[in-house]
Amino acid sequence: MPLESNVCGTLPLQLNDEKERELDSTEESAELEHLAKPILEDIASLVQKGSQAEAEIHKGHQDLQSKHEGSGRLRSSIEFFGSRMDFTDSDSIVFNENNLIAEDISKLEDAFKQLLSFFRFVYF
Numbered sequence: 001m002p003l004e005s006n007v008c009g010t011l012p013l014q015l016n017d018e019k020e021r022e023l024d025s026t027e028e029s030a031e032l033e034h035l036a037k038p039i040l041e042d043i044a045s046l047v048q049k050g051s052q053a054e055a056e057i058h059k060g061h062q063d064l065q066s067k068h069e070g071s072g073r074l075r076s077s078i079e080f081f082g083s084r085m086d087f088t089d090s091d092s093i094v095f096n097e098n099n100l101i102a103e104d105i106s107k108l109e110d111a112f113k114q115l116l117s118f119f120r121f122v123y124f
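If you're matching positions, the sequence shown starts at 1 in UniProt numbering and goes up one per residue.
Calculated from the structure, these hints are not laboratory results.
Keep in mind that the hints are not guaranteed to be accurate.
Said to hold, decoys possible - So the derived label-pair ranges between C-beta atoms look like this:
| # | residue 1 | residue 2 | range |
| --- | --- | --- | --- |
| 1 | Lys37 | Phe119 | 50 to 60 Å |
| 2 | Glu28 | Asn99 | 36 to 46 Å |
| 3 | Arg75 | Glu28 | 32 to 42 Å |
Cβ atoms here follow ideal geometry from the backbone N, Cα and C, with glycine treated the same way.
With these hints in hand, go ahead and build the complete structure from the sequences.
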């Protein structure tokens with residue numbers, strides 16, 4: 001009989017330990033979520049800024065200043081994703097944004113050549 005009372009006496013202790021572990025894991029999850037939320041918001045903001053920069057780059061030759069500013073934002077996004085190797089899609093993001101910057105540089109060179117040819121024609 002003393003064995004049975006001993007077993008019954010430890011059972012509530014085991015259940016209490018399990019409840020405490022569940023509470024600890026719930027608190028840890030809430031803390032991790034609280035810490036991760038600003039980081040996820042920053043990443044979402046960078047992705048949104050990258051999309052806006054892409055739209056500015058694709059406008060064409062109408063507004064070279066906004067194209068240049070868009071390239072700057074893409075560069076900062078590339079630096080962010082390139083410096084963090086734990087992102088699985090960072091390679092494709094960096095590749096895509098590098099292509100957009102190369103396209104922007106090409107369009108800026110074309111616009112500069114057009115301006116040079118215009119001023120050669122006007123002044124010579």
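These are the hints, each one checked on the structure:
1. Evaluation of the 50 to 60 Å hint for Lys37 and Phe119 yields a pass: the beta carbon distance comes to about 53 Å.
2. Between Glu28 and Asn99 the C-beta distance comes to about 41 Å, which sits within the given range of 36 to 46 Å.
3. Between Arg75 and Glu28 the beta carbon distance is about 37 Å. The supplied range of 32 to 42 Å therefore holds.
Checked against the numbered hints above, the structure breaks none of them.
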